[in-house]
Each structure stands twice: as structure tokens, then as C-alpha cells.
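Which chain is which? The protein sequence lines are X and U, in order.
Be aware that the first sequence starts at 0, since it is given in numbering that gives the first Met the number 0, and climbs by one per residue.
Be aware that the second sequence starts at 0, since it is given in numbering that gives the first Met the number 0, and climbs by one per residue.
Accuracy of the hints is not assured; some may be wrong.
Claimed, not checked - Far from chain X by the CB rule (all over 10 Å, computed), these chain U residues:
| no. | residue |
| --- | --- |
| 1 | Glu72 |
| 2 | Ala200 |
| 3 | Glu206 |
| 4 | Gly207 |
| 5 | Asn232 |
| 6 | Thr269 |
| 7 | Ile290 |
| 8 | Asp306 |
| 9 | Ser346 |
| 10 | Gln380 |
| 11 | Ser392 |
| 12 | Asp409 |
What the hints assert, rightly or not - Calculated pairs, DSS-like style, for lysine-lysine (alpha carbon to alpha carbon, straight line, at most 27 Å):
| no. | chain 1 | residue 1 | chain 2 | residue 2 |
| --- | --- | --- | --- | --- |
| 13 | U | Lys112 | U | Lys315 |
| 14 | X | Lys145 | U | Lys69 |
| 15 | U | Lys190 | X | Lys88 |
| 16 | U | Lys190 | U | Lys314 |
| 17 | U | Lys314 | U | Lys104 |
| 18 | U | Lys330 | U | Lys69 |
| 19 | U | Lys387 | U | Lys104 |
| 20 | U | Lys193 | U | Lys112 |
| 21 | U | Lys270 | U | Lys387 |
| 22 | U | Lys104 | U | Lys69 |
| 23 | U | Lys387 | U | Lys112 |
| 24 | U | Lys104 | X | Lys88 |
| 25 | X | Lys66 | X | Lys88 |
| 26 | U | Lys203 | U | Lys190 |
| 27 | U | Lys315 | U | Lys330 |
| 28 | X | Lys66 | U | Lys69 |
| 29 | X | Lys145 | U | Lys104 |
| 30 | X | Lys50 | U | Lys270 |
It is worth saying that the hints were derived from the structure and are not from the lab.
Please read these numbers as outputs of a predicted model, since none were measured by experiment.
Each residue gets a CB set at the ideal place from its N, CA and C atoms; glycine is no exception.
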Amino acid sequence: MNDQIIEALQAQFGEEGVYGIGESHGILQVTTAVENIVPMIHFLYAHPVFKFQFLTDLAGIHFPDAKGQELGVIYHLHSLENNVRLWIKAYAPIEAPNFPTITGLFATANWMEREAFDFYGIIFEGHPNLTRILNMDEMDYHPMRKEYPLEDATRHDKIDELFGR
Amino acid sequence: MSEIALVNNPNVGLDKTQKGGPYVNELSTLNLGPTHPATHGIFQNILTMDGETIVDAEQTVGYIHRAFEKIAERRPFYQITTLTDRMNYCSAPINNMGWHMTVEKLLGIEVPKRAQYMRVIMMELARLTDHIVCNSILAVDTGALTGFLYVYQWREFIYEIYEEMCGARLTTNMGRFGGMERDFTPVAIEKIQKLLKELPAALKEFEGMVMRNRIFMDRTQNVGGISAERALNYGFTGPNLRAAGVDYDVRAMNPYSSYEDFEFDVPVGTKGDTYDRFLVREEEMWQSLRIIQQAMDNLPEGSYHADAPHYYLPKKQDVYHNMEALIYHFKIVMGEIDAPVGEVYHSVEGGNGELGFHLVSDGGRTPYRLKFRRPGFIYYQAFPEMIKGTTLSDAIVTMSSMNVIAGELDT
């Protein structure tokens, strides 16, 4: 099944449109450009065989060292009919972390995208209500980004070296 | 009443059908929560009401957000188990073992059959407690307190089994990477056998009081329904999705921990309303008992944990008397052991649905990124759609039957 999905995606979006192909314990993962996200998810949703019609999860991720593509989104799709899962990943620069929303297709993406916005500052264009969801509205940063340390940096009793970190 | 009082009452003589009057068609706002006994947790609903009818609703969540995903990025793997306890605290062992299985997948640890069966037993016990809480509280919310008291003592009894297995009751931190922390004690086996023998009678009694009760049926049937298409679009999983008629169960579809060895049915509803959710959970309790019975009957001999000294904490006795055990103990507790690079997703059927762990490891001592897929967070989005046009009392039972757990909602 995974090979067929890659073939179909490459036929639709071109060899250069689908890259970073890998597999983890049976789950296929592909990476694509941000502008391909919505067409690709629609294509997989409407495909007569694959029918990826369930959005299991949507996760933001931050790689500070990957210049130009620091912020990523992992879309976790599940085809309940075939019992096949698929991760679609896309990355955008941290200066302009703009992704298209997929709330038009999946109602469940609403809060997932709000969560990714809240914690990573990823802007989902076209989202009906892109506001913070778990953190307080007054917060002025996106706490899951790697530059924010978990512990208070002014504390001297928690020195990383002493704990082997 | 005097004539003056009547004249001063603005509602007297007001034509209710007339549009645009000062008291006609006026919407009111009602705060349901954040701390309201009927919400069973800390989350707020801002309801727009027309009289007693709900016109619109908006949820505010995050009141007990504890930044688990951020904390997890700094903790060694085994310390994250205690975070998972605090998500759906009504069925903490399922969370613990889901997390353990995720890490075992990353590390490539093969768990012995006995440990897998023990996990199944503990997970099904957890499902029983979860559903007992949800269904009996639903009965309480419709005014039937007695049934709740009948079954709640069995939840207490299951907690005693937890105590036997891990020493804790609510936030269990049960098991280890590679298996269980300890084998079944004779007391634990005795208690499980007693539960298998006596819980069915209590459950029947509870069902006899509630299931065909006219008041309960009137309060729950055709209340808070959702269609299968909308439920799938909203990412529903677990009993709430099955009540709408979709037979998606992670245990059956992607069996983990030897679930393929057991025979059980996946109950489904038809309408997806509150009554169907209640019935699906009731039937799942019977199926859980069936699974526990089969696992107890066929409990394999062997070790209760994998031979993985780098990740499995050695026995305290060995730590005092054995050099290797002391070294491994120190290394594990201090989080000195790096995990391999990789990205894994593992999901288990939690009390409320597909509980997923998306783990990205960069080869360090902590996860690079850990995303919890909490079923409650995902399906709670649909709540306004489900209660629009119903009354406030219907909203309460709908929320109760969805089993929204604040800890799971907010991580």
C-alpha cells in the first residue's frame, strides 16, 4: 500500500514535490512544500482507493538549526478503510511560519491548529478563530519553541552539568 | 396582587409574539463553569441562551494546563510515565502502558507474553473504572444517585488491585519499560478472581436500575446526538465514535500487547446520542470482563519483564548486592542512557478513544518532541454543535456522557 501511495503522490505532485520519504514501523512519511499541503490532503481524501478521511493528529515541531525551515507541521492521516497511516510533513521559515488551514476539510483541525499556533506560533491562514487555546491570552511568546528553557534561567541551584544534562 | 404591582411588572401584558420589544428575543449569556459541579472538571462553557434553549456555545479550555509536552522534552523517558498518569486520571494504567509500549517500540524491546497479558488485564481493569465513573456519574446527573453507589465500590475495589500492583491508586505509574514492575501477588490474583465473580451482579443491578428506566431514557435518548460522518470529521474515537455507529477500536484494528489473542466484541450504537454512548460503555464493560477472564485463564508462565537491563530498573535487593544492578540502577535513575534516533507513533485504546504518543527522538536522554494525542481534547470541539438547540439540562448530560476529563483536555 505504501508504495502505491508514493507512486500516486509522485504522479500527482511530481518527483520533486514529494521527498523525505521514509517509513517508521509501517507508517509512511513524506515531506512536501507548504503550498502542496491542501491539494495533497484533498487528493488523498478524495482518492477512490486510499480514502485518508480521518485526521488523527496535527503536531507542530521546531528545529532551530534547520535554516529556512525551522518550523514544521506533521499531519497524521489515517485511512480507516485500509487501516493505513500516513505522516505528511511540511516546513516553513520561522520569520514567516505561514501554513494553509485544513479546517475546511476536517472540523477536528480547528483546535489542533490552534494548539500548534499557541505553542509554536505557526500561522494557519484562513483559520476561523486562530487564538491561543491552552495558554493564557496575555502570553507574548510561543513556549514550545526550543529557545525557551523549561526551567527559570536565573536559578543557580539547577546547574545542568551537575545532573548530567 | 395589587393593581399597581401589575402595572409595574414589565412582563405583564407584553405581547410575546411581537418582534423588537424590549423583553422579546433577548439572548442571555450563561457561564457554565469553570468550576461547576456539573462539569466534572475545570473548563468553561460560555452559553448563549434564548430562554432555556442554547443558541450558541463557546468553550474555554486550558485551566489546568501543565505544559506536559514541554516538560517531557527535558525529562528522561522513564520520568515521563508520571506525566501520563495525570492525563486521563480515571484510567491511568492505560496511559502508562501506552507510553511504555511507545518507548519499547523505539528501543526495540520485545516484551514477554506474560507481561503482555498482565498489561491487558490491568488495562481492562482501568477501562472498567473509567466506564464505571462515566456511566454512573451520567446516572447521577439525571438524578439517580443510588446506582452510582452500587458500582462505585467496585471502582474502589479495582483501586485496591492497583495498590497490589504498584502501590498507588489514582496516579499509578504502573509498569516499566519492558514489562511490569512486579508479578501478580496471590492477593492480586484473589482480588481479580473476586472481581470477575462479583462485579457482573453489581453491573446487572446497576443496569436494571438505569438502562430501561423511563426517566433516564427520556433524559438521554435523542439528546446530544452526532452523526457518523460528523463524528469522523471531528476526529471522534472510542466509545463516542462507536455510539455513532463506526466500529473503530484500536484494540481490534491495530492489536497491541497480544490483544489479538482474545475474543471480544466491539459494540456499536446507531444514533450517537447520549443513550447510545451509555449503552456502548455498558457493553464495553462486559467485554472487558470477558477479556480479563480469558487473560486470567490463559496467563502464560514466564518472566513478567523483558531482559533489558539498560532500561528496566533492577530489583532493589539486587541493587544492594550486585554490582551490575547498582550501575544500571544509577544510570537509569540519573537518565544517563541515550535512546536511539527515531520517530515512532503508538496508540492504544484509552478509556475515551485513541490515545496516541508521537515521539521524536534525536538520540538524547529525553524526547526531542513528544505529542500526546488526547482523544478528549479532540472530540470536545464538537460539543457546541451537539448541544445547539437543546436545553441546559441536556447540555449537562451530553457533556457527562462524552466523558470529558479536564486532565486529558489540557495536558
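Results of checking the hints against the structure:
1. Glu72: Non-interface label fails for Glu72/U: nearest chain X Cβ at 7 Å, not farther than 10 Å.
2. Ala200: For Ala200/U, whose nearest Cβ neighbour in chain X is about 37 Å away, the distance exceeds 10 Å, so it holds.
3. Glu206: holds (30 Å)
4. Gly207: Its Cβ never comes within 10 Å of chain X, the nearest being 36 Å, so this holds.
5. Asn232: Given a closest Cβ separation of 5 Å, the condition is violated.
6. Thr269: holds (18 Å)
7. Ile290: At roughly 21 Å from the nearest Cβ of chain X, Ile290/U sits farther out than 10 Å, so the non-interface label holds.
8. Asp306: holds (22 Å)
9. Ser346: violated (8 Å)
10. Gln380: Contrary to the label, Gln380/U does not stay out of reach of chain X, its closest Cβ about 5 Å off (not over 10 Å).
11. Ser392: holds (26 Å)
12. Asp409: The claim breaks: Asp409/U does not keep its Cβ more than 10 Å from every Cβ of chain X (closest is about 6 Å).
13. Lys112/U - Lys315/U: holds (24 Å)
14. Lys145/X - Lys69/U: holds (9 Å)
15. Lys190/U - Lys88/X: Roughly 48 Å separates the two Cα atoms, so the pair is violated.
16. Lys190/U - Lys314/U: Holds, at about 25 Å.
17. Lys314/U - Lys104/U: Distance of about 23 Å is within 27 Å: holds.
18. Lys330/U - Lys69/U: Given pair Lys330/U, Lys69/U holds - Cα atoms ~23 Å apart, limit 27 Å.
19. Lys387/U - Lys104/U: Violated, at roughly 43 Å.
20. Lys193/U - Lys112/U: holds (24 Å)
21. Lys270/U - Lys387/U: holds (17 Å)
22. Lys104/U - Lys69/U: Given pair Lys104/U, Lys69/U holds - Cα atoms ~22 Å apart, limit 27 Å.
23. Lys387/U - Lys112/U: The hint is violated at about 49 Å.
24. Lys104/U - Lys88/X: It holds: about 21 Å lies between the C-alpha atoms, which stays within 27 Å.
25. Lys66/X - Lys88/X: holds (16 Å)
26. Lys203/U - Lys190/U: holds (20 Å)
27. Lys315/U - Lys330/U: Holds, because 14 Å separates the two Cα atoms, which is no more than 27 Å.
28. Lys66/X - Lys69/U: holds (22 Å)
29. Lys145/X - Lys104/U: holds (26 Å)
30. Lys50/X - Lys270/U: Holds, because 24 Å separates the two Cα atoms, which is no more than 27 Å.
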